[in-house]
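Trainee: Put together the whole structure using the sequences plus the hints.
Residues in the sequence shown are numbered from 1 upward in steps of one, following my numbering.
Note that these hints are calculated values from the structure, not bench results.
By construction, the Cβ of each residue, glycine as well, lies at the ideal position given by its N, Cα and C atoms.
A few of these clues could be false.
[Unchecked claim] As a list, the in silico EDC-like pairs of lysine to aspartate or glutamate whose alpha-carbon atoms are at most 20 Å apart:
hint, residue 1, residue 2
1, Lys218, Asp208
2, Lys290, Glu168
3, Lys218, Glu168
4, Lys218, Glu204
5, Lys290, Asp276
6, Lys290, Asp221
7, Lys290, Glu204
[Stated by the list, open to error] Label pairs and their in silico Cβ distance ranges:
hint, residue 1, residue 2, range
8, Ile259, Thr194, 27 to 33 Å
9, His84, Leu254, 15 to 21 Å
10, Glu160, Thr56, 44 to 50 Å
11, Thr88, Cys311, 29 to 35 Å
12, Leu183, Glu160, 17 to 23 Å
13, Ala180, Asn54, 49 to 55 Å
14, His84, Ala28, 18 to 24 Å
15, Asn280, Glu80, 42 to 48 Å
16, Ser222, Thr95, 40 to 46 Å
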Amino acid sequence: MNKKILILAFLAQIFFIKSNAQITPCSAVINVEITSPTPQSGPYNYFGIIVTLNQTYTTDVTVKGYIHDEGENNTDHPFEITVHTGNTTNQTSSTFYQTSPVSTGAITITSIAPFIVTNGSTFFNTFGDCIVNSQAVVDTTIPLADSLEAAHDFLNNTIELNEEEYLEFLKSIVKNGVAATALSYNIDSNAVYTYVDRSIQASESSIDFTKSSLFGSKPFDSLTNEEIILLGNHLANANVAGRIASAEIGGGCLASFMIGMVGATINFLDGMNTWDNATNLSPAEIAEFKRIGKKIYLNTVIVLVSHLVGCLS
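Mentor: Next up, the structure:
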């Protein structure tokens, strides 16, 4: 129960995710900088943080991170600044951070959310690559949903599943693996492997696009469990942000989406723990099971997003 509560608390922040890695903001969209009293006086130096957008956007933009002495990287003084819809700037007090009279303040940015912002007609990536995202990029949900539906149709030639059963099937692959899932559903494991290949291919481009924005060229297989969850949340964010305003997210649609995300994440963590502790598998087999589990978890996120968008349309 405690694990479920912790995961729910984590996922409740799906549009405001914190990463341990430093994020470089897109300078064409957002500027985050140090402020200070002028002049500095007294026995200490003081610094604050200001966030400035290049224009107003139709979603809130939240920056999280830490302020610290230049040349250090401690996490004792976290900050969170939200520039609300219709505004272009927000800031802390200029005396937010106190340090010695010979020290200079510096910032480590750990997250910027949402992943994509819109001014109503044009879409922008808030991360350091500064890609201007066209409507076609934001609408990756639509072709992905079509591709995933084709994979689902293929699966239904073997076993017919409604939407709820389909999500449970995906979660089972992550948690229990292909062979055990095939056995529990009384179907040929080769059919499940073929489905896995098709569904992964359907979601590959969207996963890789989001991964490169968060982790650059870091190989997928080297991502930690926490980074996979972060990637999943940003994957959902990238597909949803700009398509729907927060006020349009109905309670029933969002509740169903959140429950699905919680269930998928619990199964993902349980599955990764199972493979990490497997004594009857070779390292290569464990790596392959974990790779499939990671991709199917992210595939499940995309399925949940497509359901959310369909619920709201």
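Trainee: What are the numbers of the hints that this structure violates, sorted from low to high?
Mentor: 3
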